[in-house]
Amino acid sequence: MKREIMRSGIFTRRALLVAGAEIGIFGLLGARLYKMQVVDGAKYTAMARGNSVSIRLLPASRGRIFDRFGAEVAGNRQNWRALLMVEQTNDTDSVLDAFSKLVALSDSERSRIIRELHTHQRYVPVMLRDFLTWDQMALIEVNAPDLPGVLIDVGATRIYPKSELLAHVVGYVGPPHDQDVKSDPTLSMPGMRVGRTGVEAFNDIALRGHAGAQQLEVNAVGRVIRELDRQEGTPGTDIGLSIDTMLQQAVTDRLDGLSASAVVMDPRNGEVLAMVSQPGFDPSLFDAGVSNTQWQSWMNDPRKPLVNKAAAGLYPPGSTFKTVTAMAAMTSGAVGPNDTIFCPGHYDLGNARFYCWKKGGHGPLDMRGGLKNSCDVFFYNAALRTGIGPLAAMANRFGIGVDDGMDIANVPPGLMPTKAWRLKQKKPWALGDTVISGIGQGFILTSPLQLATLASRVATGRAVGPHVARHRDGVIQQGTAAEDWPEMSLSEHHFTTIREGMWDVVNAQHGTAPTARLKLPGVQMAGKTGSAQVVRIGRAARERGFNSMNLPWALRPHALFIGFAPYDAPRYALAIVVEHGNAGADVAGPLARDIMTDALTLDPAGRDTPLAPKPTAQITIPPVRAS
Amino acid sequence: MMERRLWREGSLGIAGKVWQTNWIYLLLICALAAVGYVALYTAAGGSSEPYAQKQLIRFGIGLVLMIALAMTDIRIIAKWSWPLYVVGIILLLVVARYGHVGKGAQRWIAIGGFQLQPSELMKICLVLALAHWFHRASYERVGKLLFLVPPTLAVLLPVGLILKEPNLGTAVITGAIGAAIFLAAGVRWWKFVIVIAALGAALPIAYHHLHDYQRQRILTFMHPERDPLGTGYNIIQSKIALGSGGMYGRGFLNGSQGNLDFLPEKQTDFIFDLIAEQFGLVGSLSVLFLLLLIVLGGMLIALRCRHQFGRLVALGISVDLFLYVFVNIAMVMGAIPVGGVPLPLISYGGSVLITAMLAFGILMSVHVHRDVEFPESNAWPPP
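Those protein sequences? They're chains A and B, same order as listed.
Each residue of the first sequence is one higher than the one before, starting from 4 at the first, in the working numbering.
Each residue of the second sequence is one higher than the one before, starting from 4 at the first, in the working numbering.
These are calculated hints, taken from the structure and not from any lab test.
This list has only true hints and no planted wrong ones.
Pairs of lysine to any residue residues, derived as SDA-like cross-links and limited to a Cα-Cα distance of at most 25 angstroms, are as follows:
{"id": "1", "chain 1": "B", "residue 1": "Lys147", "chain 2": "A", "residue 2": "Val21"}
{"id": "2", "chain 1": "A", "residue 1": "Lys361", "chain 2": "A", "residue 2": "Leu434"}
{"id": "3", "chain 1": "A", "residue 1": "Lys46", "chain 2": "B", "residue 2": "Phe255"}
{"id": "4", "chain 1": "A", "residue 1": "Lys38", "chain 2": "B", "residue 2": "Leu293"}
{"id": "5", "chain 1": "B", "residue 1": "Lys167", "chain 2": "A", "residue 2": "Ser186"}
{"id": "6", "chain 1": "B", "residue 1": "Lys147", "chain 2": "A", "residue 2": "Leu20"}
{"id": "7", "chain 1": "A", "residue 1": "Lys46", "chain 2": "B", "residue 2": "Tyr251"}
{"id": "8", "chain 1": "A", "residue 1": "Lys46", "chain 2": "B", "residue 2": "Leu256"}
{"id": "9", "chain 1": "A", "residue 1": "Lys46", "chain 2": "B", "residue 2": "Pro340"}
{"id": "10", "chain 1": "B", "residue 1": "Lys194", "chain 2": "B", "residue 2": "Ala157"}
{"id": "11", "chain 1": "A", "residue 1": "Lys430", "chain 2": "A", "residue 2": "Asp351"}
{"id": "12", "chain 1": "B", "residue 1": "Lys194", "chain 2": "A", "residue 2": "Gly23"}
Chain A stretches covered by chain B per the calculated footprint, using a threshold of three residues with CB under 8 angstroms from any CB of chain B:
{"id": "13", "segment": "9-15"}
{"id": "14", "segment": "30-36"}
One-sided and incomplete, this derived list gives chain A residues near chain B with beta-carbon spacing under 7 angstroms:
{"id": "15", "residue": "Ala18"}
{"id": "16", "residue": "Ala22"}
{"id": "17", "residue": "Glu25"}
{"id": "18", "residue": "Met39"}
{"id": "19", "residue": "Gln40"}
{"id": "20", "residue": "Val41"}
{"id": "21", "residue": "Asp43"}
{"id": "22", "residue": "Gly44"}
{"id": "23", "residue": "Tyr47"}
{"id": "24", "residue": "Thr48"}
{"id": "25", "residue": "Met50"}
{"id": "26", "residue": "Ala51"}
Computed from a prediction, not measured in an experiment: that's the story for all the values here.
Even glycine gets a Cβ: it sits at the ideal position worked out from N, Cα and C.
Okay, chain B solo, but in the shape it has when bound (with noise of 0.2 angstroms):
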């Protein structure tokens, strides 16, 4: 109880710290990355390199960033939320206007060698800001119509500059996100009712205005042997890749599919495949159990947190994670479009792992500093 009080009061020491920290949690962190280390040493054939060895570096410096934030004061990241917010719509809009197109595309700027992404970037802040919001609303002020239009706006201009990129994939998960904070908040139901009916009444439009090759991915999800030799040969194959395993798989290294590169850019968006084929329906569901156990316990860091700022932002952060694990495993069984949506923490790549490793690096802190004093003003915006 002693203890308890001299958090609130804000003086939790290095030590306190270290003592809170979800050491579970980060043992599970460890332990995807582990199996990425794995499913990219098989992606490059039985083979640190070039994918796996190159991946564990970035992990150690993301291990050290996940820690530093992790220790960081939420009250202060509180504080940063709406500045970081503004920086993530202005990279998002350098992005548009000198952004590195690829594949159609305009998504990435690069910084000094590195390939940064501002939609991943802009996911977290826009949590940070909505979580800071809805942190200062009482109950009854969440009732209120135009209590919501600034976070409603807030979420739409980020989507909209990632549609633009074109991005439909991250776009419809940064809105997702923004929905689901939304409901922890305490919206009423009526209001999602509404919203709802209205994009399905959108969505003839929307479709008007998707790019050529959105309009075709969609056909061609509906209809794979439109494309036998495009979009639809990935599905196939990947879906050959993922079923060829089995209840207890083809064996480490002994993928054929993998190994005889009939699935392009295995070990990005089709890593989940490689993991299918070798180690069977066994390892696929151990794979999928442990993000289950990622995802609940950003839940439950959520549910025992005692202020909404922190509440809200684990609760967005593993809702973000739990998005990106649906689309890509849905997208590799071919029941959902293929969106370009990596395996955080498994799939190659650094800026979506640097990404992801910020973002639990804040759960984190969340978790660290769960009980501490949060100032509620009640100030401003008026009720």
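Okay, chain A solo, but in the shape it has when bound (with noise of 0.2 angstroms):
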């Protein structure tokens, strides 16, 4: 019982101190009330009053691209364009007709409008009118008293000063979808634009910074009173390519009129200096919409040029992949860089004749001959002594297959065949197979810009991966200096091998690429050429004698080169492919050794490059004017 007391005692102490902390807590609820109601009522009355206080926000200024050397690759463009605020107005519908009497809306701009006037929050502005010209605006300022809500505003557009030359590495930016808006609700603003790929897309929430916001006070009939806050948007981050304007141009003139691409990179870090995709395509019409001849144009040239074949063409790497099978077959011990082997021609599996290119056969070869003479039996045999598992497992080492980290949107990792692969499409691998694959044929599929990744691997031996976005704000990148690469770890003596091949290629009696042989003092590249067949051609065929200009544009194979140069120190990988080209040596041999003599002419990695660009023009937007 004692006890039972006891327990009471401390309870009664303590829940009196809780109701004690309560009283007080209740008091403090109390003064605030006090305070917010009495003291500063006034205050409150006044924004309350009338609607009180409106929000509008403050876009930021998308950032903008540079190239290499400072000079604006994707900028903003002011233009005045006519907004409706929705809480400035009791009838928009009149609003509406009284505009359309100003400055004619068509239907589809009326519908547009009307729907946005439905599924804006009331705060959100909606754009009645883009691109304003000087008369018009004229003409809704005379009229304003019979506009309650339209006002005049400035908004930016997206330009690309290069026009189609950098059309599919900065890429273009488009109105924001219904998902997007979802995503970001600053996207409902007027003007919004969202990145559709390339550069823009890649770093597309970065480009678009912070929207600020201010709050007005309005008064009942929506007139501004005073600004009561304003909150400063971020502008976009700024980024500066590693593209250069002038390489990217010579590149372009020398694929002008082909269907076809091209990657130069510094193969010591993987700067991309200059990636074409011809034919190209004038980025800005996305802005404010592409009209439908516009877009059949593109969707029915044979050529595609919108798709940044460069990046997203994926091909058959033919020949060009004899590099790989040659430092797999090494690696692995299959074949030495000093074994030989006989070329009769052909190569037969149980039934199955794979020939060589050359009809009468190499002879016995080493792998700087098989190289040199790219002799497909000798790579048949190396991939079928080494198979596919090693050979695979050194494409992706190379970057074949896989995702090089390329820092632009829509970049395919292409493919490289393993058995395991096959069999999720239920099929076995066959040995045939494996020997194709030896010659970059079959299933292999591959983008220039991993080719170009792969010259870089196979010049300098370090893993580089290729990127364009050389610094964002002014700070330099990660990975835009060789040491942020690591070394490739495969032996030098094999590398040798393979770069001495390629040397033959370009530069020795009888190497299948003499057309790429530089015609500057001192200086030499080396290369492998590819042929990449779009259609499997037969043995009757063959047997004919068969030449493939015979056959339709489409049917042709593609023409492949990669290559780098100075050969004894490498300061430009290249490769390219020319769709439907033909043989490598005869379309992609010359290209290779103009665009290389542009790359070391101009020399953009070894110039001195300024890093910060200039400082960020930002767009101011003027307070609100009172309607």
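Now that you have both chains on their own, put them together as the hints suggest.
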């Protein structure tokens, strides 16, 4: 019983303490009510009177994009536009009618406006008309009393000063889709744009920046009394590219008229100096919306101008892949650098006969000779002895069939087949598949970007990854120095054998690509040609004396070339694919020679490169005009 | 004196129970519901549809449940404490597995068109379970550290499950109720000091594990201008509505902020704004005072009770109510982060109303049975 008394005593003391705390906190709540309702009451009443505070977003200007030397390749231009503030008008229909008497609105514009009026939150203005002319603006200003809620505003349009030249690299922006708006409500602001391809899409969030907001005190009829608060947005990040516009222009000129793509890289650090896909398009057409006729003409062009063939075009690598087969064979020990293989012109595996491109055969060849002559039989043997597993693993190490981490949007990883991959297709792997994989045919798919990466890795022995973003807001990015990339940890002796074979291809007597020989004194390029078959050429056709030039354009093989220069100290690596260009040596070789000459003479990677772009020009939105 | 002994024997007849009912407290609860009716009437712009009428019907159902509970012998309720606790935990597990996902959180389960929020029920179950545990404890035994391990786990388990939903606000309230009962049961001060210090140390780690939207809320609270269109917008508009009420308010049905849809969900979490805007400081202080009376009424029931179980139950329920009121009103004032906590009996919503009425029913049962003889078992756990 005594215990019970003690316990209830403690309870009473502590419960009274809790009750006291509760009374105290209620007192504080009451005090704050007094402070807000009586002391500051007038302030809040003013804010509440006649709809009080209106919040307006201040869109941030989109980050700009510069080339390697600070030239603007994507920027913003101011334009005048008419907006409708829904909260300032009671009768949107009559305002729309009055507005369309001044500035004609098409049916589709009108239905878009009405849709946005219904879907937007009330503090987000609706765009009536973008790109106003001076006269239209004057007309709206003069008739302002009849247009409650309508205001003239400065918007920004994305401009691409280099137009087609960098369309595929930089990409383009377009109006946001519904799902974009769901993820970021500020995108419902008029004139907001979302990156759709290329650098614009990859860095979209950073380029967008953060919208600011202003709180305005508005009276009962919607007139702005004063600005209560203003939070400036953060402009988007400026991005500096590794691309040299001059080299880009030179490469574009070389590929003019072809359906082709080329990538020039600095093999020491993976910086992409030029990435060209021909034909191109004008990216600024997307900002305001593409017309149907324009769209149809793009879609019906067999050369696919909208596809960035340099990064997203996938082709069998053809004989350029022999460099990988060579490294895989030597590393696995299947074929030593000095082992010889005899080429009788064909290779028989069971009933199947695989041909060398040289009808009579090459006779005995070592590794260097196999590369020099691009002997198919040599690499059939090498692939078969190595096996598809080690071959695929080596291809991945050279960037084929894997994601290289390229920093633009929509870069596919390509395909390097393995037995496991084939099994997923419910088909067994055949030895014949291994044989033709050795010469880069069959299932293998790579992009020119990956081939340029392959050339870079062969040239330097470093696992460099391709990238175009060199700095962000003037801060240099990881990966722009050679030391940022690891050594491949493969035998330097094997690398030398492959490089010597590639030197032979271009510079030795009877190499396969004398057309690629540089005419610059003391500088030599090493390279490898390739022709990637689009259709299979049967035995009968071969025996008839087949010539692929007789095929229709779309069935001719693609012409490929990879290479690097200067041979003794590589500064540039390149890859070229000419769609349906036929033989690599005839078409891609001379192009490679010319493009490498351009790179070496312009020498963007060797020139002093300023890192900081010019200071950002901030678009300032003037305070909203009292209507 | 005669009568008292009879009750201790446990033969309190139904007439005696009605006689013992705390009618004043019942009146206070009805007054609060009336305030809620008026507020919901104005939330609909001067119409009993769609909120006020429905809420009144729910209140009627709740009233029946409440009186039924008030007449139920507190010893029966005590006997069911732990089974109810287990049911509460099971419901929380069900919600975690099958619950209805709304606004990024999994908090509700649908039972025949009725959205049940188990975390609300859990708070009452936890109060009962803890009260039952400490009822068995002598003064000395409460001082034993080992004796405090099971109830501590009993608090942490539901708090963890509610955190996972995620519902930070309710989890904090649940933990605080547990702490209040520990305090009232006589746990030593220094133990609280240690726990508070440990919590303080764990805070940065906890912040790291918060959901993005919760972190966003806290950041928005500290810098409302960061998000003037989202959460910040609500806070700004709520403060304007509250502040513009002035001394006497803008008059019945004359609040511009509420009427013009500036406040999202004004009928639930932001309902106090409507009262403050229309009836000013006089009105909002009156409502605040009414709420204080109900909270203190619960404390008074606790103090007048002659057995530890009833005392702790009444205290726990009244602290729960207090925390509701504090969090909601501080939130609409912009003094603490927005937490999605309604104002009991005033905010629109069935689940919260019914659970609040159940809690009041138990509270009233404590009052009716404040003098009953309660078996005090010292058999288990061993001292």
